[in-house]
Amino acid sequence: DQQVKQNSPSLSVQEGRISILNCDYTNSMFDYFLWYKKYPAEGPTFLISISSIKDKNEDGRFTVFLNKSAKHLSLHIVPSQPGDSAVYFCAASISSGSARQLTFGSGTQLTVLP
Amino acid sequence: DVKVTQSSRYLVKRTGEKVFLECVQDMDHENMFWYRQDPGLGLRLIYFSYDVKMKEKGDIPEGYSVSREKKERFSLILESASTNQTSMYLCASSLYGDRGHGYTFGSGTRLTVV
Chain B
1329 DQQVKQNSPS
1339 LSVQEGRISI
1349 LNCDYTNSMF
1359 DYFLWYKKYP
1369 AEGPTFLISI
1379 SSIKDKNEDG
1389 RFTVFLNKSA
1399 KHLSLHIVPS
1409 QPGDSAVYFC
1419 AASISSGSAR
1429 QLTFGSGTQL
1439 TVLP
Chain Y
127 DVKVTQSSRY
137 LVKRTGEKVF
147 LECVQDMDHE
157 NMFWYRQDPG
167 LGLRLIYFSY
177 DVKMKEKGDI
187 PEGYSVSREK
197 KERFSLILES
207 ASTNQTSMYL
217 CASSLYGDRG
227 HGYTFGSGTR
237 LTVV
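Protein sequence lines, in the order shown, are assigned to chains B and Y.
The opening residue of the first sequence carries number 1329 in the numbering used here; numbering runs sequentially from there.
The opening residue of the second sequence carries number 127 in the numbering used here; numbering runs sequentially from there.
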């Protein structure tokens, strides 16, 4: 049973428009949410994060929104650029006795069309 | 530039073989992780380690074991490779206490079991 779900395997948007990537989670114990970006033949790299006590975090063109009551978060990219084309993974973590573990979603392939 | 290095980019092994996947990090990170990435399933945690000689099971440890004899090296072992272990394997490391935004991933090893 996937605790972090990305229901859209792919998304295409025009350059300059907004990209909205969505993610749902089931475990209310998650206290930190992140987005990672992955290009082909490379490992995922951290993009942006949000604590569960906040509802919005912004970093340049990237904004993450968290709706705890709906157990939903989204990543907005404005304006979208062709270089943003990649697989985006939503992830969530819980504080535990040992190392924090990240639970990832299945990913969304974003294609930004020039 | 900090790095997580995975020893092989591509690997082809026969069913029943014992397979070793090696991962080395040069960042003095306490935590190390092994994930596998499969289409539609995203990244799933196999094992992780928060200290030398320490290991904990992730979500899908069956058929795998790990070894961490030195802080910088984390090995994933497939005791008897099977075709359902054909996948992309990703190693990651992070500092103790990192909430997830400081994960550094390797470029991955594409393993094919025939």
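Hints were generated in silico from the structure; no laboratory data involved.
Among these hints, one or two may not hold up.
[As the list claims (entries may be wrong)] With a straight-line Cα cutoff of 25 Å, these simulated DSS-like cross-link-like pairs (lysine-lysine) come out:
| # | chain 1 | residue 1 | chain 2 | residue 2 |
| --- | --- | --- | --- | --- |
| 1 | Y | K183 | B | K1333 |
| 2 | B | K1399 | B | K1365 |
| 3 | B | K1333 | B | K1384 |
| 4 | B | K1399 | B | K1382 |
| 5 | Y | K144 | Y | K183 |
| 6 | Y | K129 | B | K1365 |
The hints, checked one at a time:
1. Y/K183 to B/K1333: Answer holds: Y/K183 to B/K1333 is near 22 Å, not above 25 Å.
2. B/K1399 to B/K1365: 21 Å, holds
3. B/K1333 to B/K1384: It holds: about 20 Å lies between the C-alpha atoms, which stays within 25 Å.
4. B/K1399 to B/K1382: 13 Å, holds
5. Y/K144 to Y/K183: 19 Å, holds
6. Y/K129 to B/K1365: It holds: about 17 Å lies between the C-alpha atoms, which stays within 25 Å.
Checked against the numbered hints above, the structure breaks none of them.
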